[in-house]
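Chemist: Given next are the chains, with one letter for each unit.
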Amino acid sequence: MLRQMVFMVVTAVLTAQAQQLTPKEIIQRIDETERVASSEAIVKQIITTSGGKKRTLEMKSFTKDQNDKQLMIYTNPSRVKGDKILMLNDGNDIWFYTPKTDRVRHLASHAKRQKVQGSDFSYEDMSSGSIEEDYTYTLLGEEKIDGTSCYKFELIPTESGPHYSKLIYWGDKGRFLTIRIDYYEDGELLKRLKCYDVKKVDGHWYQMKLVMADLQEGGETVMETTEIKFDIDLDDKIFTTGNLKRR
Amino acid sequence: MFGTALVITVIAAGLATNLKLEMHFKNLMPQDHPMVEEFNQIIEDYSTASLIIIAARGQEGELKQFADELAPKIEAMTEYVQRVDYKLERDFFLQHGFMLQKAKDLKNSKDIFKDLSLLPFLGHLNDNFEKTYVYDGESISTKEKENNAVMFLDGIRYWLKTMEEYALNGETLDSNVAKMAVDRFLIGDEYMISQDKDMLLILAQPTFTINDIDIVIAAEDSIDAVIAEVAEEYPSIFAGTTGTMALARDETVAVGEDMYLTSIVALLLIIALFIISFRMWVAPLLAGVSLLLGVVWTAGFAAVTLGSLNIMTSMFAVILIGLGIDFSIHIITVYSESRAGGHSVGEALHFSLLRSGKGIITGGLTTACAFLTLTISKTAGMSEFGIIAGSGVIFCMIATLLALPAMLSLRDTLLVRFRRERYKAKSTSFNFLGSLGEIISRRAILILTGATIVTALLFYSALNITFDYNYLNMEPVGLTSIKLQHEMEQEFDVTPDFAMITAASVEEARRISEAAKDLKMIGMVTSISEYVPSLEQQQKRTPHVQEIREHLEHNRKLTPLAENEIGQLFDELYRLEDNVIELAQLAYLGGQDKVDEKCRELIGDLEDPENKTMIASLIDRLSADRVKTVGNLNLLQNQYEPYFRQAALGMASLEHIDVNSLPQNILDQFVSKDGSKYLVTLYPKESVWNLAFLERFTAQMQKLDRRVSGMPLVFYVLIQIIGRDGKIAAILTIIVVFLLLLWDFKKIHLAILAMVPLIVGAIWMVGTMHLLGLQLTLVNLMGLPLILGIGIDDGVHILHRYRIEGRGKIRTVFTSTGKAVMLTSLTTMLAFGSLVFATYRGLGSLGIALFIGVGTCFLTSVIILPALLGLMEKKNRVDTAEGE
Numbered sequence: 000m001l002r003q004m005v006f007m008v009v010t011a012v013l014t015a016q017a018q019q020l021t022p023k024e025i026i027q028r029i030d031e032t033e034r035v036a037s038s039e040a041i042v043k044q045i046i047t048t049s050g051g052k053k054r055t056l057e058m059k060s061f062t063k064d065q066n067d068k069q070l071m072i073y074t075n076p077s078r079v080k081g082d083k084i085l086m087l088n089d090g091n092d093i094w095f096y097t098p099k100t101d102r103v104r105h106l107a108s109h110a111k112r113q114k115v116q117g118s119d120f121s122y123e124d125m126s127s128g129s130i131e132e133d134y135t136y137t138l139l140g141e142e143k144i145d146g147t148s149c150y151k152f153e154l155i156p157t158e159s160g161p162h163y164s165k166l167i168y169w170g171d172k173g174r175f176l177t178i179r180i181d182y183y184e185d186g187e188l189l190k191r192l193k194c195y196d197v198k199k200v201d202g203h204w205y206q207m208k209l210v211m212a213d214l215q216e217g218g219e220t221v222m223e224t225t226e227i228k229f230d231i232d233l234d235d236k237i238f239t240t241g242n243l244k245r246r
Numbered sequence: 000m001f002g003t004a005l006v007i008t009v010i011a012a013g014l015a016t017n018l019k020l021e022m023h024f025k026n027l028m029p030q031d032h033p034m035v036e037e038f039n040q041i042i043e044d045y046s047t048a049s050l051i052i053i054a055a056r057g058q059e060g061e062l063k064q065f066a067d068e069l070a071p072k073i074e075a076m077t078e079y080v081q082r083v084d085y086k087l088e089r090d091f092f093l094q095h096g097f098m099l100q101k102a103k104d105l106k107n108s109k110d111i112f113k114d115l116s117l118l119p120f121l122g123h124l125n126d127n128f129e130k131t132y133v134y135d136g137e138s139i140s141t142k143e144k145e146n147n148a149v150m151f152l153d154g155i156r157y158w159l160k161t162m163e164e165y166a167l168n169g170e171t172l173d174s175n176v177a178k179m180a181v182d183r184f185l186i187g188d189e190y191m192i193s194q195d196k197d198m199l200l201i202l203a204q205p206t207f208t209i210n211d212i213d214i215v216i217a218a219e220d221s222i223d224a225v226i227a228e229v230a231e232e233y234p235s236i237f238a239g240t241t242g243t244m245a246l247a248r249d250e251t252v253a254v255g256e257d258m259y260l261t262s263i264v265a266l267l268l269i270i271a272l273f274i275i276s277f278r279m280w281v282a283p284l285l286a287g288v289s290l291l292l293g294v295v296w297t298a299g300f301a302a303v304t305l306g307s308l309n310i311m312t313s314m315f316a317v318i319l320i321g322l323g324i325d326f327s328i329h330i331i332t333v334y335s336e337s338r339a340g341g342h343s344v345g346e347a348l349h350f351s352l353l354r355s356g357k358g359i360i361t362g363g364l365t366t367a368c369a370f371l372t373l374t375i376s377k378t379a380g381m382s383e384f385g386i387i388a389g390s391g392v393i394f395c396m397i398a399t400l401l402a403l404p405a406m407l408s409l410r411d412t413l414l415v416r417f418r419r420e421r422y423k424a425k426s427t428s429f430n431f432l433g434s435l436g437e438i439i440s441r442r443a444i445l446i447l448t449g450a451t452i453v454t455a456l457l458f459y460s461a462l463n464i465t466f467d468y469n470y471l472n473m474e475p476v477g478l479t480s481i482k483l484q485h486e487m488e489q490e491f492d493v494t495p496d497f498a499m500i501t502a503a504s505v506e507e508a509r510r511i512s513e514a515a516k517d518l519k520m521i522g523m524v525t526s527i528s529e530y531v532p533s534l535e536q537q538q539k540r541t542p543h544v545q546e547i548r549e550h551l552e553h554n555r556k557l558t559p560l561a562e563n564e565i566g567q568l569f570d571e572l573y574r575l576e577d578n579v580i581e582l583a584q585l586a587y588l589g590g591q592d593k594v595d596e597k598c599r600e601l602i603g604d605l606e607d608p609e610n611k612t613m614i615a616s617l618i619d620r621l622s623a624d625r626v627k628t629v630g631n632l633n634l635l636q637n638q639y640e641p642y643f644r645q646a647a648l649g650m651a652s653l654e655h656i657d658v659n660s661l662p663q664n665i666l667d668q669f670v671s672k673d674g675s676k677y678l679v680t681l682y683p684k685e686s687v688w689n690l691a692f693l694e695r696f697t698a699q700m701q702k703l704d705r706r707v708s709g710m711p712l713v714f715y716v717l718i719q720i721i722g723r724d725g726k727i728a729a730i731l732t733i734i735v736v737f738l739l740l741l742w743d744f745k746k747i748h749l750a751i752l753a754m755v756p757l758i759v760g761a762i763w764m765v766g767t768m769h770l771l772g773l774q775l776t777l778v779n780l781m782g783l784p785l786i787l788g789i790g791i792d793d794g795v796h797i798l799h800r801y802r803i804e805g806r807g808k809i810r811t812v813f814t815s816t817g818k819a820v821m822l823t824s825l826t827t828m829l830a831f832g833s834l835v836f837a838t839y840r841g842l843g844s845l846g847i848a849l850f851i852g853v854g855t856c857f858l859t860s861v862i863i864l865p866a867l868l869g870l871m872e873k874k875n876r877v878d879t880a881e882g883e
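Those sequence lines, one after another, are chains A and B.
0 is the number of the first residue of the first sequence in numbering that gives the first Met the number 0; add one for each residue after it.
0 is the number of the first residue of the second sequence in numbering that gives the first Met the number 0; add one for each residue after it.
These are calculated hints, taken from the structure and not from any lab test.
C-beta atoms are modelled at their ideal positions from N, C-alpha and C, and glycine is treated no differently.
Take every hint as true, because none was put in to throw you off.
BS3-like cross-link-like pairs, simulated, lysine-lysine; straight-line CA separation at most 30 Å:
no.: 1; chain 1: A; residue 1: Lys43; chain 2: B; residue 2: Lys519
no.: 2; chain 1: B; residue 1: Lys130; chain 2: A; residue 2: Lys59
no.: 3; chain 1: A; residue 1: Lys80; chain 2: A; residue 2: Lys244
no.: 4; chain 1: A; residue 1: Lys43; chain 2: B; residue 2: Lys144
no.: 5; chain 1: B; residue 1: Lys101; chain 2: B; residue 2: Lys178
no.: 6; chain 1: B; residue 1: Lys130; chain 2: A; residue 2: Lys236
no.: 7; chain 1: B; residue 1: Lys144; chain 2: B; residue 2: Lys101
Covered stretches of chain B, as calculated for chain A (at least 3 residues, CB under 8 Å):
no.: 8; region: 511-521
no.: 9; region: 574-587
no.: 10; region: 687-696
So here's chain A without its partners, still in its complex pose (with noise of 0.2 Å):
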């Protein structure tokens, strides 16, 4: 029952403050709450394959630097065990590793656009860019998404920004934390992110769970974190090609 009132003093506080707070500083809260020293997380990803079948990818994942590098080492099921990719400069260039062969393979380059093996997440999506850097923003207003209190922004792309046209963006009030994102092109609604599952873990607020729908063709992709540790110390080296081979 203490609890209870302490938390919910906290919230009325929080959003008090909140209130009164410009879309400018809206905006450096959640740059701050969302773009992480580094991480290091246990994930599942549920992709749809071209026969239409559902396929669950376990994997380790380690952000440093707000998510300019990504490693993710894939764990579960065994056909794909200790296959890594390697994300760096904010998914622009992409080094893929499978002990099957040894070798280390550089995919792509400037494929930020381009989609996470097999998701509808595009490099870009997934690289936690500055909401402050990224783009032109507006406060529309105020909505509840699935009961959360939110701050609805429109995001328009800076040149340094992803390629989309335009974002709708709903930011938790009291966390500070993205609930929901719309993806427009040209006018048109293409994908729709949904985050669920919010905790704190290490003083941070996160999202355990992301669904992207792809709202033209269909299909959505589950990303889910079943673990996660902020502020880590992780060596520079883990984000390295040379790094890739070791067990």
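Following the hints, complete the assembly by docking chain B onto the known chain A.
Modeler: Then chain B, alone, in the frame of chain A:
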């Protein structure tokens, strides 16, 4: 009078023989809808829009032999077939193959042609593999790219297989084996065969269109007979026709047979019920005769006014049998009661027409008007049904009123004369219905409370009913055409339910085709632009093709493989294996199943510790006897090189390609008969009979071009129109029925009273359907407006009799009219129930829905109506007492 009826019947029967069956759902659409007009125009303009598809399943070698034997026989059927396609346009590809490839692909692959000696060839092949598939993160990201990768891997697999054959016993092989490997590498498999080589297609271009249904049936039957004849020699092959044409034949034949079967079953069941309930033999047969007259008149009328029957109107006979018999039941019920009561034939006929005549006319007109409101529907299917069923009910009513009394009179007169004794008429009463009505009327509040609760629960259930959008689920079970269609979807990743767009120019066709290829819901696009690259594309490709040409012309040296080079050869093979493994891993992570499966043909199951890849086995074989290996591989090299060079040089033609360069059979596929338009065909990747997918597919196709048409899109529009029409028809029916009741009863409370069992019955019907696990379908959806027209009769007859009998006579009303209402409901239920025997499951779905609907309307009439009448009588008694 009876003679007049017979003359009309003979004329109507003659006219009815011209009635045609047009069973495709396209015929349900408003024919002036732009999408249907476009569809019909495409069918007329392009013979390829109505292809006959022959699908065969078996083993690769046998399948190809089967196709080689069957194709000429089908092509010889010139009455039905213009042309048969089952192989690639080989000559055209051997002439322009490289100019048809993308500049990026040419750039990656041109080094392959630098040196055709085996070792450098494998090295360059690996370079090409890595540039195209390993270093490019999006190399297999679209369906087209995935298909290209599969073709490339298939070429490699065949090449390696040929190397193994030569290593083993090259000295026994002739140069054709090496040439085949070159063909597979350069242009792929020339047969239309699935990726795993166990399904093959033959496409026959017909001399007619799908709109000529009689010829469709004859042609499909003849082709199936030829297939069966050839297949006799190939017992392991399963083959048949599939696609839209085969399905059109199957459903027309099935419904045609169903029409007769269900009508006969319905008639027999009804007459049996009649005989049991009335304990009479002749009267039911007489009722059957008058009913038959009405049905024949309706068929003649339909032939004159509409000319054909569609999915919805095809069951008109069963519906009329179910409904038309009701008129006879009402007349015979009162007639037999009167005769049993000692009245003469004349008096009995007078009473029966007096007591049931008004009910018959009101009920008949109400039902007919309810059906006729369907004529306002945009859907041809519904409006034609309105015409046939509406007029049919009136015809049956007139036939019964004209013929039945005359036949009954004749029967009784003859019975008296021939038995030489006073004929004693029998009457069977349903006293239990009278008792039930009386009990209910005395416990009105309790019954009405219970009925309200049941109605609320069933209303909730009705709200949760779902729609089965899969049109194939309405087709007969076990059709070869549908089985092969499902297999074809699995094997080729395309369905025969495609969309079509006509373009005014090759450039427009290219724009549509390129945009469509980026859509992941598209399995395949066929367009003339695939064969005619744009001027800009050809300019970009020319330097690369030129370079390939120069390699082939200037470096004719063939270096024999030396024994000390065998290690290098193995290295290249291992490198190739690594490349395939990496592609397989990326395809697995990316969900590109076809590429992954093709890779596995080369590398096997890497998870299996016993697994040995195809390349590892090849290396084992090559290592066994190195001297022999080198000799045989040099033999292979000597045999493939001249053909490889000649074929590749042919493909490296720098000749500009335009529409005039195309061979006639390619032009026939894409260019309209008048040469002014170009057809782009878009094959969806998955079955369109899933509404969510169909909705997105239609939206995406319309975004590509507003003029798009095709079966799936027509179906989608049809669903929407039928949904809209159904709602409008239901509301209008309720209004029309109410107005007719008001005109008949002259009192608003009686009109409302008659409507209550109908509305509640309709709710119970849908609620019960959901409880029984049934779904709404394109065909049974029509059951809802139909039941509003049919279900009203019970209440009308009961209230009419109640008004004649007066207050306090609920028992009498339900004993006599209740019996008639029960029998009419049972006969209608039996008629609709007979549709369950239809092989066309769409008809069955309507039959079950109406069976339930008539049953629930009967139940609400004998449960809710006496309760409401009881409540009215109670109120009147209280009012009278208070007044006194």
